[in-house]
Each structure stands twice: as structure tokens, then as C-alpha cells.
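J.: As a plain string of letters, each chain reads:
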Amino acid sequence: MNRVVSILLVGLAGALVLSVALGSVPLPLDRVLAALAFQSSQGDELVVWQIRLPRALAAAFVGAALGMSGAALQGLLRNPLAEPGILGVSATAALFATFVLYFGLATAGPLVLPMAAVAGALIATLLVALAAIRTRSVVTLILIGVGLSSFSAAIMALLMNLAPNPFSLADMVNWMLGTVDNRSFDDLIFALPFMAIGVVVLLASRRGLSALALGDEAAEGMGLDLRRQRLAVIIGAGLATGAAVALAGAIGFVGIVAPHLVRPFLRYDPARLLVPSAMLGALILMLADIGVRVLPTDSELKLGVVASLLGAPVFIWIAARRRLA
Amino acid sequence: MSILQASGLSYAVDGKPLVVDAGFSLEPGELTALIGPNGSGKTTLLRLALGLLQAEAGSASIDGEPVARLSPVERARKIAYLPQARPLVWPQPVRAIVSLGRFAYGAALGRLSAGDEAAVSHAIEACQLDGFEERAADTLSGGELARVHLARALAAETPLVIADEPVAALDPRYQHQTMRLFASMAQSGHGVLTVVHDLDLALRYANRVLWMHEGRIVADGTPEDTFTSERLRRVFGIQAEISRNGASFRLDILGPA
Chain U
1 MNRVVSILLV
11 GLAGALVLSV
21 ALGSVPLPLD
31 RVLAALAFQS
41 SQGDELVVWQ
51 IRLPRALAAA
61 FVGAALGMSG
71 AALQGLLRNP
81 LAEPGILGVS
91 ATAALFATFV
101 LYFGLATAGP
111 LVLPMAAVAG
121 ALIATLLVAL
131 AAIRTRSVVT
141 LILIGVGLSS
151 FSAAIMALLM
161 NLAPNPFSLA
171 DMVNWMLGTV
181 DNRSFDDLIF
191 ALPFMAIGVV
201 VLLASRRGLS
211 ALALGDEAAE
221 GMGLDLRRQR
231 LAVIIGAGLA
241 TGAAVALAGA
251 IGFVGIVAPH
261 LVRPFLRYDP
271 ARLLVPSAML
281 GALILMLADI
291 GVRVLPTDSE
301 LKLGVVASLL
311 GAPVFIWIAA
321 RRRLA
Chain S
326 MSILQASGLS
336 YAVDGKPLVV
346 DAGFSLEPGE
356 LTALIGPNGS
366 GKTTLLRLAL
376 GLLQAEAGSA
386 SIDGEPVARL
396 SPVERARKIA
406 YLPQARPLVW
416 PQPVRAIVSL
426 GRFAYGAALG
436 RLSAGDEAAV
446 SHAIEACQLD
456 GFEERAADTL
466 SGGELARVHL
476 ARALAAETPL
486 VIADEPVAAL
496 DPRYQHQTMR
506 LFASMAQSGH
516 GVLTVVHDLD
526 LALRYANRVL
536 WMHEGRIVAD
546 GTPEDTFTSE
556 RLRRVFGIQA
566 EISRNGASFR
576 LDILGPA
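Protein sequences appear in the order of chains U and S. Quick note: the first sequence uses the working numbering, first residue 1, plus one each step. Quick note: the second sequence uses the working numbering, first residue 326, plus one each step.
It should be emphasised that the hints constitute simulated quantities derived from the structure, not laboratory data. The beta-carbon is built from N, C-alpha and C at its ideal position, and this holds for glycine as well. Check each hint, because a few of them may be wrong.
[What the hints assert, rightly or not] Pairs of lysine to any residue, SDA-like flavour, derived with a Cα cap of 25 Å: (1) S:403 to S:382; (2) S:341 to U:134; (3) S:341 to U:133; (4) S:403 to U:228; (5) S:403 to U:215; (6) S:403 to S:391; (7) S:403 to U:226; (8) S:403 to U:225.
[Claimed, not checked] Sample of chain S residues lacking proximity to chain U, with all beta carbon distances greater than 10 Å (derived): (9) 345; (10) 364; (11) 426; (12) 450; (13) 500; (14) 510; (15) 512; (16) 523; (17) 532; (18) 554; (19) 580.
Chain U extracted, bound-state conformation (with noise of 0.2 Å):
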């Protein structure tokens, strides 16, 4: 197994042991083994397994959907800064997810939020993807997704505008900044199979993206179905975006974040990149969400807000020092 996979698995349990057992109530190892093996007291094994660890592992898959697909947009389009955040479709996500909530849509069953986040999600990518086809310029292309995330945040204002209570109000607040509390052993069911399809999608599509960093023109003549990757990797990137947006509300950065830093310890290849950005997202989140519970804040921050606070000025350094092209 490559290093730093190994690392990251390293990183990875310990999150989720620490995650488990701070909190508002900080367990002991001990309590947390036993809660953890049924052996320990019913408080101790609601608190472990309602609370914290739903908590603990929405904020993983979350993280990992989100890193995989920044890595694999970033590899079709051949471009650092690409990531479902950057390019409208986490937002766009959002806005689908919030007009399920404003109509009252989602209590006609636990699968309607999802898909309608994951229909959000496709439809922007697609866009997205059109435009990127379109254009070669990056620089058109981020800004087609500021103009997409800000016409979806246009609409998401419309709707708090117009919100019929302060109930609803509060809730699509909740989706728009992003966060995993409150989220239950449910949310993660109805949310993982489209979340592992689009994975599985992915990651059947990775080879094709080491053929990209030659270009469209030179991958094509390589052998590569062009059109069939672009598709993949729509497809997939939409549906592990989608749902992580319906268990989480729109997290940004960490799709951009996650592959950014792997990817010289994987001598850049954008194919073996996809598993390390995934593991790295999600240790990122579970990370970010220990910070958000252990601040000593009067209402707790939101997952989304702290991971912007992190993400965003990466961004900034990421788009002042790249090297080539």
C-alpha cells in the first residue's frame, strides 16, 4: 500500500476515535471502547451511537465525497482551482435541496431531499462541464461557476425572503452554511447509495484522467473515449456531490483543498489521486467538525463556516502560485 494512503488510514481512525469522544461531554477511551462494544451504559451508548457517531461519520463520507470529486473535475479539466464548490454546483445542490424544504416537499418521503440535492448537483456539473468543453480558458471557466453559485445564492435569498415562517427560514439557514449536527444512522442510508455510486463511477473512470494531463486532442488520440469520460466523471462528480449536499448542506473548499495537497506526494497523477484526496477530505471534515464542537463558542459554528474560513484563503494561494500553464 502507498504511504500516504497508509498515513491517512493512520489519520483517519484517530479522527474517529477522537470524534467520538470529545464533545460536549468528553468520554474517556475506555467508555467509548465499551459504548462502542454495547458493553458500556445506555447513556454512554446513546451519546456514542445516536449523537456522535452519525456525526462523526457524515462529516467523513461528506469529506470524502467532496475531496474525490474535486479531484477527478480537477483532472478533466485540467485545472487546480476546479471543485464543486468553485464551480456552482455544491450551491446549486443547496438550492434544489432548499426549495424541497420551502414547499414542504420533504416530508413526502427520506428520499426526496437527497435526490433533489443530487439533481441539482448533475444539472450544474453538466452546465459546467458544457462550458469547459466550450471554452479553453480557465479563467472563463471559474467565472461561469461564480456566476452560477451566485445565481443560485440569488435564489436561495429569494426564498428566505418570501420563507412563510421563521421555522423554514432556520432550516434553509442550516443548508446554506453547512453542517452535520443533528444527523442520524436515516440521513446517512438514504444519502450513501448515490454517494457510492458516484464513487464507484469515479473511480472506474480514473485511468482516463492521467490521458487528460495531455490535453483533450493527445488523450483522444491515445485511445481515450473522450466523450464517455466526460460523461463519467459528470455523472459521478453530480451524484457524490449531490449527496454529500443532502446530508450536509453546501461545504465549499475541501474538494479543492484535499487533492491540492496530496497531490505531489503522488507525483501528480491525477488517476492515483482520487482515493488520497477522498481520505484527506474526510479527515479534513471530521476534523474541522471536532474543532466546530470543541470551540467554546456561544451557538455552535457550522461545519460550511469554518471549512470556508480554512478553504478559501488555500484558494487564493493556490491560484497566485501555480507553475505551469
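Based on these hints, arrange chain S on the given structure of chain U.
T.: Quick look at chain S alone, frame taken from chain U:
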């Protein structure tokens, strides 16, 4: 039998014809030079012949099989294509880039078969990139990078190589070295088609020259038969003299016509 056969290829963008009724065939054992002024449709013709661009009229076939029916992988195992535009995004090591030449054989980075490894090493040697294997792409000069891309194409070890301006960024020594490499590949039974702007190189190394002007192939034959002052003036708009000295030809370009 020809490896690549194209006939009547036409293509237009917004009503402006880029390639008009162009046909040619590529034979094993031949080094063919495709020449023509800027904007004469050379790159478009290559893309049509490879099936990367859908022709409006005409057809192309590889080993008797229409290109439209070949899967990208099948085509890539017969023709290695080196496009003119070679964007590189990630500062990958040289050997990793050359290894991509084995893509059509199922090779993934870090998972090369012994045969793949041998082909990659051979291509690196042929392009004189020994010692550069671990260098990051963004630390290379333009000429070194051009050789890396060429090595990538050669690593595919296909019967036919189509290269769009492979020597444009190279210094004179490597220009000649590359053309010699193509000539020796042709001698060993490969087919090679290369776009060149240096007419001297075409005259000296090619067995056959395709002349392109305003989207049409206006001449197709040996350098001896096709290089005339009249044609150079008409196609390239230059005043030039061709002189024969024993078996070799000399081209003197005097200036624009």
C-alpha cells in the same frame, strides 16, 4: 497495402471551407511530409483522417476499416498521434508522461507490464531523454518538452505515426535527429506522416511530400518531382531556387515573391 487511406475529405466551419476534397494514402516504409502555409488546413486534414473530427464528405480508413467504426483504443493501437497543441497541466515526471503512450494497451501509471516498460525505455532512449526520466515537466525547456511528447507518441509502438509539427520547438541538431529517427522508422517498415514548416527538412528526409494549399492537396509525390520554383511561389508565396547536385537537392529561399 496502405495503412491509412483517405479520399474526398471535406470540412467547413461557418461556411468557410477548411479542407476541400482531400485524399491521400500512407504506406508502410514511407516518410511522408505534409507541407503548406499557415492556415492551409494541415491540422484539420490530420484530424479528419484520424476520425477525431467528423468529415462532412469523404471517408478515411485504417487498415481497410473505416475510422468511424474503430473504437478509440483500436485506432490508438494502429496510429500514434502527436498533436500540435500539447498543454501540460501537472508537473509530472518525464517517465510518467512517456508511459501514457502505453494507455491504449491498458497501462496505468505504476502498473506497467514488462513489455510496456521496454517500449517506454526504448522511446526515451530514441528521443535522447536518458537522465531526464525523473525530471518534473515544468523544469524542462521547450525543446526538451517537445521530445518528451514525441517519446510519448513513439512509446505506443504503432505501425503508423502521425506528428503535427514535432520539430517546431527544436534546435537544428534535434530537428535533424528527429527527422533521421522518422526516416529510420520508415526504413524498418513503419509509416510516418509529419507536418513540417522547414522545407529543407522535407526535401532532405521525406520519401513523399503532400502539398496543401487553401484546403486542397495540390501535389503528392517525391520531393524530386514536386519541388519546383513555380510551385513554391504559388503555394508558399516565396521566391526560391532548386538546384540539383548529384543525388541531392538544394533549396535556396530568396525571399517573399
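J.: Find the nearest Cβ of chain U to the Cβ of residue 450 (chain S) and say whether that gap is larger than 10 Å.
T.: holds (21 Å)
J.: Are the Cα positions of residue 403 (chain S) and residue 225 (chain U) separated by 25 Å at most?
T.: holds (16 Å)
J.: Is residue 403 (chain S) within 25 Å of residue 226 (chain U), Cα to Cα?
T.: holds (18 Å)
J.: Would residue 426 (chain S) pass as off the interface with chain U, using Cβ distances and a cut of 10 Å?
T.: Per Cβ check, residue 426 (chain S) is inside 10 Å of chain U; nearest 7 Å; violated.
J.: Measuring Cβ to Cβ, find out whether residue 364 (chain S) lies farther than 10 Å from everything in chain U.
T.: holds (18 Å)
J.: Are the Cα atoms of residue 403 (chain S) and residue 215 (chain U) separated by 25 Å or less?
T.: holds (20 Å)
J.: Please verify that the nearest CB of chain U lies beyond 10 Å from residue 554 (chain S)'s CB.
T.: holds (36 Å)
J.: With 10 Å as the threshold, tell me whether residue 532 (chain S) passes as away from chain U on beta-carbon distances.
T.: holds (24 Å)
J.: Does the structure keep residue 341 (chain S) and residue 134 (chain U) at a Cα separation of 25 Å or less?
T.: holds (20 Å)
J.: For residue 500 (chain S), is the shortest CB-to-CB distance to chain U above 10 Å, so the non-interface label stands?
T.: holds (21 Å)
J.: If I take the minimum Cβ distance from residue 345 (chain S) to any residue of chain U, is it greater than 10 Å?
T.: holds (23 Å)
J.: Taking the closest pair, is the beta carbon of residue 512 (chain S) still more than 10 Å from chain U?
T.: holds (24 Å)
When held up to the earlier numbered hints, the structure conflicts with hint 11 and nothing else.
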